[in-house]
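Residue numbers (this note's numbering), protein chains in the order written: chain R, 1 to 472; chain P, 1 to 312.
Don't read these hints as lab results, they were simulated from the structure. Some hints here could point you the wrong way.
As the list claims (entries may be wrong) - Pair by pair, the computed Cβ-Cβ distance ranges are:
1. P/L89 <-> R/D98: 27 to 33 Å
2. P/L299 <-> R/S66: 52 to 58 Å
3. R/E376 <-> P/A73: 50 to 56 Å
4. P/R155 <-> R/K454: 36 to 42 Å
5. R/E80 <-> P/W82: 20 to 26 Å
6. R/D98 <-> P/A73: 31 to 37 Å
Because the structure is a prediction, the values reported are computed rather than measured. Glycine included, C-beta positions come from ideal geometry on N, C-alpha and C.
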Amino acid sequence: MKRQMSRRNFLKMVSIATGASAAVLAGCAPATPAGPATAAPGTAATSAPPAQEASAPVPALLRSGSGEEDYFERTIKLFESQNPTIKINRVYAPGGADYITKLDLMIAGGDPPAIYAPFSSRGYRYYAAKGLSQPLDDFITRDKMDLTDFYEDALKGCKYKGQYLALPLDAWPHLVYFNRDLFKKAGLPDLTTDWTDKTWDVMAYQNLAKKLTDPATNTLGSRIYNPNWPAGWSFGTDWFTPDVYETGIVKTWIGDTTPKTIAATQWVADMVLKDKSATSPAQEKSLAAANQNPFTTGKVGMYLGNIGDLSTLQQITDFEWGIAAAPFPPGGSDPRHLHVWIDFWSMIKGVKNLEGAWQFLKYMVGAEAQKIYPVEYGPQSSLKSLASYWVDKQKALMPKKTAQEFQTMIDAPKYEQIDLENWTINFSPINDQALQPMLDVIWLGEKTAEQAIKDATPKINQLIKDTTAGLS
Amino acid sequence: MSSIDVAAKSKAGRQRSSKLLRREYLAFYLFASPWLLGLLFFSIGPTIASLVLSFTEYPLIVSPKWIGLANYANMINDELVWQALKVTLLYSLGAVPLGLTAAFLIAILMNQGIHGIRVFRTIYYLPAIISGVPVALVWMWVLNPDFGLLNSALRAIGIQGPAWLFSRQWVIPAFILMSLWSVGAPMVIFLAGLQGIPQHLYEAAEIDGASTLDKFANVTIPMMSPVILFNLVLGVIGSFQIFTPAYIMTNGGPANASLFYGLYLYNNAFHWLKMGYASALAWLMFLIILILTLLIFRLTGRWVYYEGSIAS
Numbered sequence: 001m002k003r004q005m006s007r008r009n010f011l012k013m014v015s016i017a018t019g020a021s022a023a024v025l026a027g028c029a030p031a032t033p034a035g036p037a038t039a040a041p042g043t044a045a046t047s048a049p050p051a052q053e054a055s056a057p058v059p060a061l062l063r064s065g066s067g068e069e070d071y072f073e074r075t076i077k078l079f080e081s082q083n084p085t086i087k088i089n090r091v092y093a094p095g096g097a098d099y100i101t102k103l104d105l106m107i108a109g110g111d112p113p114a115i116y117a118p119f120s121s122r123g124y125r126y127y128a129a130k131g132l133s134q135p136l137d138d139f140i141t142r143d144k145m146d147l148t149d150f151y152e153d154a155l156k157g158c159k160y161k162g163q164y165l166a167l168p169l170d171a172w173p174h175l176v177y178f179n180r181d182l183f184k185k186a187g188l189p190d191l192t193t194d195w196t197d198k199t200w201d202v203m204a205y206q207n208l209a210k211k212l213t214d215p216a217t218n219t220l221g222s223r224i225y226n227p228n229w230p231a232g233w234s235f236g237t238d239w240f241t242p243d244v245y246e247t248g249i250v251k252t253w254i255g256d257t258t259p260k261t262i263a264a265t266q267w268v269a270d271m272v273l274k275d276k277s278a279t280s281p282a283q284e285k286s287l288a289a290a291n292q293n294p295f296t297t298g299k300v301g302m303y304l305g306n307i308g309d310l311s312t313l314q315q316i317t318d319f320e321w322g323i324a325a326a327p328f329p330p331g332g333s334d335p336r337h338l339h340v341w342i343d344f345w346s347m348i349k350g351v352k353n354l355e356g357a358w359q360f361l362k363y364m365v366g367a368e369a370q371k372i373y374p375v376e377y378g379p380q381s382s383l384k385s386l387a388s389y390w391v392d393k394q395k396a397l398m399p400k401k402t403a404q405e406f407q408t409m410i411d412a413p414k415y416e417q418i419d420l421e422n423w424t425i426n427f428s429p430i431n432d433q434a435l436q437p438m439l440d441v442i443w444l445g446e447k448t449a450e451q452a453i454k455d456a457t458p459k460i461n462q463l464i465k466d467t468t469a470g471l472s
Numbered sequence: 001m002s003s004i005d006v007a008a009k010s011k012a013g014r015q016r017s018s019k020l021l022r023r024e025y026l027a028f029y030l031f032a033s034p035w036l037l038g039l040l041f042f043s044i045g046p047t048i049a050s051l052v053l054s055f056t057e058y059p060l061i062v063s064p065k066w067i068g069l070a071n072y073a074n075m076i077n078d079e080l081v082w083q084a085l086k087v088t089l090l091y092s093l094g095a096v097p098l099g100l101t102a103a104f105l106i107a108i109l110m111n112q113g114i115h116g117i118r119v120f121r122t123i124y125y126l127p128a129i130i131s132g133v134p135v136a137l138v139w140m141w142v143l144n145p146d147f148g149l150l151n152s153a154l155r156a157i158g159i160q161g162p163a164w165l166f167s168r169q170w171v172i173p174a175f176i177l178m179s180l181w182s183v184g185a186p187m188v189i190f191l192a193g194l195q196g197i198p199q200h201l202y203e204a205a206e207i208d209g210a211s212t213l214d215k216f217a218n219v220t221i222p223m224m225s226p227v228i229l230f231n232l233v234l235g236v237i238g239s240f241q242i243f244t245p246a247y248i249m250t251n252g253g254p255a256n257a258s259l260f261y262g263l264y265l266y267n268n269a270f271h272w273l274k275m276g277y278a279s280a281l282a283w284l285m286f287l288i289i290l291i292l293t294l295l296i297f298r299l300t301g302r303w304v305y306y307e308g309s310i311a312s
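Full structure from sequences and hints, please.
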C-alpha cells in the first residue's frame, strides 16, 4: 500500500526547497554595477576602475527604430577603418523610454555600455549624480580638443560640477512652420524670417491664428502652441530658477509666483478653449497615435515645431509651406525662452577600454562623423562650422526654400536654450507626477492656469524635496 | 510461523516496499522538477526578493540601501497611491459586474441548439485571444472623440459623444466599455457550466409549472453559482492588474484620471527607478487582492450552491 507523505515531511521538503532556491538566487544575483558598488546615490564612485585592456571591444548603446542604424553603421565603419585596433560592439535599442530601460539594465547587470546617447528624457546628469559618468577633461586637454566650434549653450550643458561629462551631438531647434496657401487665401503676408523683429510677438501670433480659423472649412489657425511644460515659457519666463541649467538639479519652483509664467500658460489654453483657433491636446494625441502631424492635413495655419519635423514636411505636396522665426514674448521686450533639444554622447565609468571609448566618442562628435549623423539624418550638427554643410544638404531636399528661410534655421540655436528634460537629474518625476497633470487640467478647461498652478504647487514642492534628497 | 519469523518477513517486506516507494518518489520529483524549478526560480524566488527589496531604496543602477518600513510609510502620504487605488477600484466595480453579466448572457445565447452555433461561439471568443497592444491601438481609434467609430455612431442618432479618453469623467467608463472586448474567456467557462446543468432539473421545474424566468432563477443561477464564483474571483484579480490599455492609450492621463495601480507601479519601477518603492506597492496590491478574494470566499456560503452539499 502506498504511504502518503505526512504533513510534517511535506512542510520540511517545501522549507528546504525554498531555502535552497533563496541560496541559489543569492548566488545568482547580478554583479555589482560598473559604477560604485556601495555608494549611495549622489556620491562619488569608490570602487577601483577595472584593469584596462587596449584590445577589449568598446560597447556602444545606439538608438534604432527611427532609421538611424544605417547612419550609425556608416560612421562606425569609417571609424573602425581608421582605427583598426578598436572594435565597436554595437548594441541597438529603440529610442525614448526603451533606450533608458536598456541602459539601466545594462548598468545594473554589470555590463554597461562604454558610450551612449539616450535621445530621450533621461540626461547624462542623472547618471553623473550617481557617480557613473566618466570625466572627459583629461582626455580633452591631452588631445588639445578644440571645443570652440560647439554651440556655447550646448557645451555649457555638458559640464556637471565643473567637469565635462558629455559632448554635444546634434541640435533640434524650434521654428514656426506656416501654410503659405492658407495665409494667401486669408490675405496675410508671409511670416518673418528675422529673429530680431520684435513686432512678431505671441500676441500677433494669436491674432493671426484667429484670422486663419474658419469653422466652415474645419480650418484651425494653429496647433496648440505647446501642450507640455514649455507652455510656461511662451512669455519668456520659466517654472524654475535659472540655476537648474548650471547644476542640473530642479531646486526651486517659481511657477506660482511668476505672473508671466501663469499668463503664458493661460494664453496657450485660451487659444484652444476661448478662441478655438488651436488644436486641442485630444486632437493632437489622436493624430500622434497614427504618427501624423495635424499641419500636414493642410487644415492648420501654423505651428511651433522643431527641426525634426522637416523630414515629414518635405513630403507635403498638397500645399506650399514656409519657415519663420519663433515669436517674441508680448511686446518684444523680453528675450524668448525656447528650447533647443540637444543630444549628447557620454561615457560610463569602469569600462575596460577607456582609451578606445574616448577615441570613438571624440570621432562621433567630430565633423567627419557629424556630416553623416546627424546632418544627413536631419537635425543640425552641434558644430557651428557644419551649419552651411547642413544647409546644402537640406537645399537638395527643399529646393523651393529661400536663403532667408535657411538662415532662419541656422540662426535658431542662438536664440534658444537647452531643454529641461534631458539636462536635469530630477525633472522627469516632477513633470510626470505633477506638472503635466496640472497642465492637463488647464487644457481641459476645468481650472484657470492660476488656480491649477496654485493647487499643484504643494505637490511640486514636495516632489522637489523628495527628488533632491542626497543631491548637492 | 514464529512471531520472530513474522516480524522478520514483515521487516523485509517493509524494506522492499520502502525501496519501491523511494523509487516512485524519485520518479515523481524528476517528472515534476521542471515545473517545481520554474516555480522556485520564477515565482517564489522573485516574490521573496521583492519582499526584501520593499524594505530598501533601490534605484537599480546602484546597490540597494536598507531603509526599513520607510517605503510603506511613504505610501500613506503619497496621494498618487490613493488616486491609483481609487481609479482601479472604480474600474473594477464597473468592469467586473458588467463583464460577468455580458459573458453570462452571451453564454446563454451560445447554448442554443441552432445551426451554426459553433461559428458564433468562435466569433465571440476570438477577441479574447488577441493580445493587449493591438487591441489598445484599435480602441484608441474607436474611442477617438472626433472621428472614432463610437462617436460617429452616436452622432448619427443625434447624440454628441463625450471626449472618452480625453475626459476625466469619461476615461474610466471608456476603459470599462473596452473591457467587454474580452468577455469571450468567461463566456466559454459559463457555456461549459450551462452545458453541465442536468436537464432533469428543468423538466422537473416544468412539471411543477415553472416559467422561463422561474427556471432561470431557481435552476440555472443556483447551478451556475460555482462557475460565477470562479469567474468573479478571476475577474476581480484581473481587473486590479490592468496595465497594457492604460500604458498604451492614456499613460495615466488626463490629469491622472486613468492612473491605474499597475501603471503607477510600473512607472515607479522602470521610469523613476524606485524599485524598492515599487516592490512595496506590489505587496500592498497583493494584500488588497488577497483580502478581497477571502471576502468573496467568506460570502460564498450565502449564495454558492454545490451539488450534493448539505443545505444550510
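Hint numbers contradicted by this structure: 5
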